[in-house]
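**Q** If you read the protein sequences in the order shown, they are chains S and C. Residue numbering for the first sequence follows the numbering used here, beginning at 1 and increasing consecutively. Residue numbering for the second sequence follows the numbering used here, beginning at 1 and increasing consecutively.
Keep in mind that the hints were calculated from the coordinates and are not lab data. By construction, the Cβ of each residue, glycine as well, lies at the ideal position given by its N, Cα and C atoms. Since no wrong hints were added, every one of them can be taken at face value.
Quick list of simulated restraints, FRET-style, between CB atoms:
id, chain 1, residue 1, chain 2, residue 2, range
1, C, 41, S, 225, 23 to 29 Å
2, C, 38, S, 4, 43 to 49 Å
3, S, 223, C, 10, 58 to 64 Å
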Amino acid sequence: MTDNQEMLIQEAVEKALQGDMEAVNNIEDRVTRSKAKAALVKAKREAAKTSAEPSSEEKSEESAAESKPVPLSLNQKIAGIIASQFPGTVDEESSSETHIQLQPAKWFDIAQYLRDDPACLFDSLQCVTGVDLGEESELEVRYNLHSMTHRHAIEIRIECARNNPKVPSVETVWHIGDWFERETYDMFGIEFEGHRDLRRILLPDDWEGWPLRKDYEVQETYHGIVVPKVKEGWE
Amino acid sequence: MGVFENKFHDNVVIASLDKLLGWARSTSPWFFQFGLACCAIEMMATAASRHDLMRIGMIPRSSPRQADVMIVAGTVTLKMALRVKKLYEQMANPKYVISMGSCATSGGPYWQHGYHVLKGVDLVVPVDVYIPGCPPRPESLIEGLLKLQEKIQSERPLTRKTA
Numbered sequence: 001m002t003d004n005q006e007m008l009i010q011e012a013v014e015k016a017l018q019g020d021m022e023a024v025n026n027i028e029d030r031v032t033r034s035k036a037k038a039a040l041v042k043a044k045r046e047a048a049k050t051s052a053e054p055s056s057e058e059k060s061e062e063s064a065a066e067s068k069p070v071p072l073s074l075n076q077k078i079a080g081i082i083a084s085q086f087p088g089t090v091d092e093e094s095s096s097e098t099h100i101q102l103q104p105a106k107w108f109d110i111a112q113y114l115r116d117d118p119a120c121l122f123d124s125l126q127c128v129t130g131v132d133l134g135e136e137s138e139l140e141v142r143y144n145l146h147s148m149t150h151r152h153a154i155e156i157r158i159e160c161a162r163n164n165p166k167v168p169s170v171e172t173v174w175h176i177g178d179w180f181e182r183e184t185y186d187m188f189g190i191e192f193e194g195h196r197d198l199r200r201i202l203l204p205d206d207w208e209g210w211p212l213r214k215d216y217e218v219q220e221t222y223h224g225i226v227v228p229k230v231k232e233g234w235e
Numbered sequence: 001m002g003v004f005e006n007k008f009h010d011n012v013v014i015a016s017l018d019k020l021l022g023w024a025r026s027t028s029p030w031f032f033q034f035g036l037a038c039c040a041i042e043m044m045a046t047a048a049s050r051h052d053l054m055r056i057g058m059i060p061r062s063s064p065r066q067a068d069v070m071i072v073a074g075t076v077t078l079k080m081a082l083r084v085k086k087l088y089e090q091m092a093n094p095k096y097v098i099s100m101g102s103c104a105t106s107g108g109p110y111w112q113h114g115y116h117v118l119k120g121v122d123l124v125v126p127v128d129v130y131i132p133g134c135p136p137r138p139e140s141l142i143e144g145l146l147k148l149q150e151k152i153q154s155e156r157p158l159t160r161k162t163a
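Pulled out of the complex, with its shape left as it was, chain S reads as follows:
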């Protein structure tokens, strides 16, 4: 964003806060106008926050609530179980209450443990997703597990290197993983080691590249049929 544009947005927001919405609406460039509107919303929200500062009583109540131990989420509990059974596999820093971050090394054994252990009993693999975290960083596989017996669910994330993405296959642990992993392989090129039939599932076998990666480039022709690329400057 140029300085000129920033100045324009700032002026317009100030005017709008004083009740002159026209200043924002009259900006001709569409992008600048939407940015100005976003800035206006932000400014209004901040103004509302400062005016509704909580009183001292409320503050003391809040601090009392904070001192109580927060109950661990299921993901954190299961992460603890995995860490005790398989030391060094859980990435504690990246794990949170919403997911468990694992190292790929012992994933197959962990998966079997999660399925069979009476405290876990994750008998259904609901989804396997690949995620491209951006051109500079790594690829990630995410597993959503659910237990019919305990009616609880967790999410497991495993990172793998972009230039050589390899993750152990859990196709033999949960059979539904067969197609899930094939699809993830098809779209992201993540190789699931130990998968008995790792082929593309949606795209033709002779397709080039991995379409859902951020750095994917559409191939120019397919069996002599021209594949048009995205036109530049299109909005």
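Keeping the supplied structure of chain S fixed, place chain C upon it in accordance with the hints.
**A** For chain C alone, coordinates are given in the frame of chain S:
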């Protein structure tokens, strides 16, 4: 009919063989029954009892060998494009192709960012009638089929073409 007038009984019709062939072929274009996407739902609705394609002589056939018309109903992916081409090649001459809906005609909503979508089925097979719509209503499809029938009727397969 000039010299032939009143020379035959009432139940005899006289016409040139070309016209007769055109009439016969245009009123029974059997279509190849396969759908690729949501357009196929409209095609099924057209073939079903309310719109009843059978009344204009169109019978769905499940084999390309028995079909005269191929209705490409839906999004053609690049993977399917090769198969569409192969199916077209398996049909017996004379054969016709109807491109039904935006996707088959130009790629439709995927015309730019669909990396795996064929941008128009006319890139792989010659198309006779294009039907716009997303998806086209049965009325549109019938209109397109009637246009195709007109085209078939106007053909003169036995007439020698002069340069």
